[in-house]
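Taken in sequence, the protein lines are chains A and B.
In terms of numbering that gives the first Met the number 0, the first sequence has 128 at position 129, counting the first letter as 1, and numbering is strictly consecutive.
In terms of numbering that gives the first Met the number 0, the second sequence has 13 at position 14, counting the first letter as 1, and numbering is strictly consecutive.
Don't take each hint at face value.
SDA-like, lysine to any residue: derived pairs with alpha carbons at most 20 Å apart [stated by the list, open to error]:
#1 A/Lys-233 x A/Asn-399
#2 A/Lys-269 x B/Tyr-158
#3 A/Lys-195 x B/His-169
#4 A/Lys-437 x B/Asp-84
#5 A/Lys-173 x A/Asp-301
#6 A/Lys-441 x B/Glu-76
#7 A/Lys-195 x A/Gly-210
Calculated from the structure, these hints are not laboratory results.
As the structure is a computational prediction, the values presented were derived from the model and not from experiment.
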Amino acid sequence: MDEITRRGSIGLAAGIAAASTLTGTQARAAIPTADVKPPSQPIESGATLRVLRPVKYIDPDGALFDANTKKFSAAMGVPVRVDYVGFEDLRPQTAVAARTGAGPDIVLGWSDDPHLYTDSILDMTELAEYLGKKYGGWQTLAALYGKKFKTDQWIAIPFGGSAGPAVYRKSWIKEAGFDTIPADLGKFLDLCRNLKKIGHPPGFALGNAVGDANSYCGWLLWAHNGYMVDEAGKIAINRKETIEALKYAKELYQTFIPGVLSWQDPSNNKAFIAEEISLTQNGCSIYFAIKNNPKMAAVAEDVDHAPMPRGQASSRPETASVINAMVFKHTKFPNAAKEYIRFMMEADQYDPWLTATTGYWAHSLKAYGESAVWKSDPKLIPYRDACAMEFYSGYKGPINAASGAVLADYVNVQMFAAVSSGQATPEEAAAEAERRAKRIYKQ
Amino acid sequence: MSTVDSKTVDALNWVAPKRDPGALGRLMDNKMFLVCVCLFPALGLLIVFLTYPLGLGIYLAFTDTQIGHAGEWVGLENFESLFQDRIFLNAVWWTVAYTFFATILKFGLGLWLALLLNHHVPFKSLIRAIILLPYIVPTVLSAIAFWWIYDPQFSIISYVLVDKLHWMEHYIDFLGTPWNARWSLIAANVWRGIPFVAITLLAGLQTISPSLYEAAMLDGASPWQRFRFVTRPLLMPILAIVMTFSVLFTFTDFQLVYAITRGGPINATHLMATLAFQRGIPGSHLGEGAAIAVAMIPFLILATVFSYFALGRRKWQQGSDND
Numbered sequence: 000m001d002e003i004t005r006r007g008s009i010g011l012a013a014g015i016a017a018a019s020t021l022t023g024t025q026a027r028a029a030i031p032t033a034d035v036k037p038p039s040q041p042i043e044s045g046a047t048l049r050v051l052r053p054v055k056y057i058d059p060d061g062a063l064f065d066a067n068t069k070k071f072s073a074a075m076g077v078p079v080r081v082d083y084v085g086f087e088d089l090r091p092q093t094a095v096a097a098r099t100g101a102g103p104d105i106v107l108g109w110s111d112d113p114h115l116y117t118d119s120i121l122d123m124t125e126l127a128e129y130l131g132k133k134y135g136g137w138q139t140l141a142a143l144y145g146k147k148f149k150t151d152q153w154i155a156i157p158f159g160g161s162a163g164p165a166v167y168r169k170s171w172i173k174e175a176g177f178d179t180i181p182a183d184l185g186k187f188l189d190l191c192r193n194l195k196k197i198g199h200p201p202g203f204a205l206g207n208a209v210g211d212a213n214s215y216c217g218w219l220l221w222a223h224n225g226y227m228v229d230e231a232g233k234i235a236i237n238r239k240e241t242i243e244a245l246k247y248a249k250e251l252y253q254t255f256i257p258g259v260l261s262w263q264d265p266s267n268n269k270a271f272i273a274e275e276i277s278l279t280q281n282g283c284s285i286y287f288a289i290k291n292n293p294k295m296a297a298v299a300e301d302v303d304h305a306p307m308p309r310g311q312a313s314s315r316p317e318t319a320s321v322i323n324a325m326v327f328k329h330t331k332f333p334n335a336a337k338e339y340i341r342f343m344m345e346a347d348q349y350d351p352w353l354t355a356t357t358g359y360w361a362h363s364l365k366a367y368g369e370s371a372v373w374k375s376d377p378k379l380i381p382y383r384d385a386c387a388m389e390f391y392s393g394y395k396g397p398i399n400a401a402s403g404a405v406l407a408d409y410v411n412v413q414m415f416a417a418v419s420s421g422q423a424t425p426e427e428a429a430a431e432a433e434r435r436a437k438r439i440y441k442q
Numbered sequence: 000m001s002t003v004d005s006k007t008v009d010a011l012n013w014v015a016p017k018r019d020p021g022a023l024g025r026l027m028d029n030k031m032f033l034v035c036v037c038l039f040p041a042l043g044l045l046i047v048f049l050t051y052p053l054g055l056g057i058y059l060a061f062t063d064t065q066i067g068h069a070g071e072w073v074g075l076e077n078f079e080s081l082f083q084d085r086i087f088l089n090a091v092w093w094t095v096a097y098t099f100f101a102t103i104l105k106f107g108l109g110l111w112l113a114l115l116l117n118h119h120v121p122f123k124s125l126i127r128a129i130i131l132l133p134y135i136v137p138t139v140l141s142a143i144a145f146w147w148i149y150d151p152q153f154s155i156i157s158y159v160l161v162d163k164l165h166w167m168e169h170y171i172d173f174l175g176t177p178w179n180a181r182w183s184l185i186a187a188n189v190w191r192g193i194p195f196v197a198i199t200l201l202a203g204l205q206t207i208s209p210s211l212y213e214a215a216m217l218d219g220a221s222p223w224q225r226f227r228f229v230t231r232p233l234l235m236p237i238l239a240i241v242m243t244f245s246v247l248f249t250f251t252d253f254q255l256v257y258a259i260t261r262g263g264p265i266n267a268t269h270l271m272a273t274l275a276f277q278r279g280i281p282g283s284h285l286g287e288g289a290a291i292a293v294a295m296i297p298f299l300i301l302a303t304v305f306s307y308f309a310l311g312r313r314k315w316q317q318g319s320d321n322d
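Pulled out of the complex, with its shape left as it was, chain A reads as follows (with noise of 0.2 Å):
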């Protein structure tokens, strides 16, 4: 007992000192919390976890999270191995450790991945409320990933997420007339064919890109009104809010750099750095890697964010990728890893990692809103709100495996690329994407 204290109490002495040389000078803010007692979770003796998580976006993201776990370890003498995998790697891996019951303990999966598993993971009800209580509520989105669909039951932790806002060059919107991205739409347009007059034209990827193209016709059709199915699940695409926002679309296409039909999510990261574009909707990774370019110092000062304009939308009609941290019940130690969950979430823990990965992940806890790294940069304050979105793929309707399988088909990515491309008409295009989505509702 008491050499594991010792070795306990060293282990954590080094997590701390590795977790603050990783902040480095970044202050620590003061994030307040209420006074709220843990759920009892004893760790169950002998205990070893394995997590499976996203790979890193960046460095510090990796760092943290390794210390994190560490410091746990060392804590709570309990021994985890985190296995990072490729973005696309982690759905597969994750169903083999569904259907066969072995595996990972925790898993930190894609935003509805968790709504897949239901069956085979375990409540997370009375942590998510303690976690809640304690840090100002969940976010919105955080909220609507993290439990079943319409009631109280939480599946899921939800530990972060990443937005897609505009992205773009502010001396160029200038010179097409405007000082920022307007709110709405026919002015929006407007700004998109004086960019392509100053030789600056925008590109929004329409190819089949997972990230990207789906955060760009989500938009569209959420500004517009339009949804693809209906609180009841009943699909809703072939609207006339749906047509509206395809001509819409065809209009603003007319405005693009030439060949996004086939770009992927990495193509206007390239175009955008490459000052071939001056405006995208992306992840904050465009910003980063010009600004941890010495020689584009320049263009870092001039790349600002902003949310995508509102439309007719009631808030603003984007949403984001969220991490969500599911325990199988097939884990042995199902407290430990619950244990594990509570303890990365906790204020000590969790604000150096959100700090450290610098707006690439945001909060999913309101209370972390006040973390140093949103007073950091002005520029990242639209990824920010990541989690306070309101729009998920298959809004308005349950998130289920029907809503996960028309996101991977590209449904509605591919009537906007069709209408855009003048493939097929409006009225043809939201027929044809009722008709695929009814196939996969089986409707």
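Start from chain A and add chain B according to the hints.
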């Protein structure tokens, strides 16, 4: 009368004492048993790594299994729904077309290259090594290279044609329109597949005895006639085998298309393999994905049978002369 004494008689009649073989020994002497034991490792590997996954895949195709939910047997439902799905039908059509055009080009160019290399050229072994390069590079790497070559903004081809030579006004949109994307993918596949064809056909060419060509030349055969009547028939058997393999590889291609277009623009280049993956894993409908994969099997069997019987049915393969 025999002068042989009794000791000699003993020696002559001596036989090695028979030791009764143990149970294991007798078992090992049993031919059937030995055959089974020796086959077991190979059969075991085949069953575990080939038969089981294939069987499971076929089984899944008849269920509505999703990721996270065990499915139920639904019979032909997946196939019925697929045959009404335009995207699937388009993928079938395009997979066949892709295989057809890529194979023709690969064989035309590969055979030509093999014939050239069969002559005495300087630095022959070096050239042969270089020719193998596209085949050695991992597919994903070559796919990424082509992805850059076909990039709408950064294509080297567009750069040379537009910015250097000023032959064109605009950059080529390699992957943005259906037919551009299709031909671009075929070109990438052909580039990758030529070495395999060229090197195996070259091996085939080298087994043809030079004396046959000498005899033909003495008879006054033109180069075309030598090719038509000596090279072609003798190369046919190996051509059939290479063709079978090449068709199988092309038909089941996944990496090139997935890395370069993901099936885009708007599903114009989805192969059955990429569509099966997209529906099965990211789309989480394992049953439907498996059904698409199973739908490839008849085509593959057909291609194999065609290559073997249409191209490879030469009498000498069965031990007699050619007519």
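Taking the hints in turn, this is what the structure says about them:
Taking the CA atoms of A/Lys-233 and A/Asn-399, the gap is about 13 Å. The hint holds against a cut of 20 Å. Distance check on the hinted pair: A/Lys-269 and B/Tyr-158 sit about 16 Å apart at the alpha-carbon level, within 20 Å; holds. For the suggested pair A/Lys-195 and B/His-169, the alpha carbons sit about 16 Å apart, so the restraint of at most 20 Å is met. Taken as a hint, the A/Lys-437 and B/Asp-84 pair is honoured in the structure, with Cα atoms around 12 Å apart against an allowance of 20 Å.
At most 20 Å may separate the alpha-carbon atoms for a hinted pair to count; A/Lys-173 and A/Asp-301 meet this at roughly 11 Å. Of the supplied pair hints, the one linking A/Lys-441 and B/Glu-76 holds, its CA atoms being roughly 12 Å apart against a limit of 20 Å. Only pairs whose Cα atoms come within 20 Å are accepted, and A/Lys-195 paired with A/Gly-210 is rejected, the gap being roughly 24 Å.
Checked against the numbered hints given earlier, this structure breaks only hint 7.
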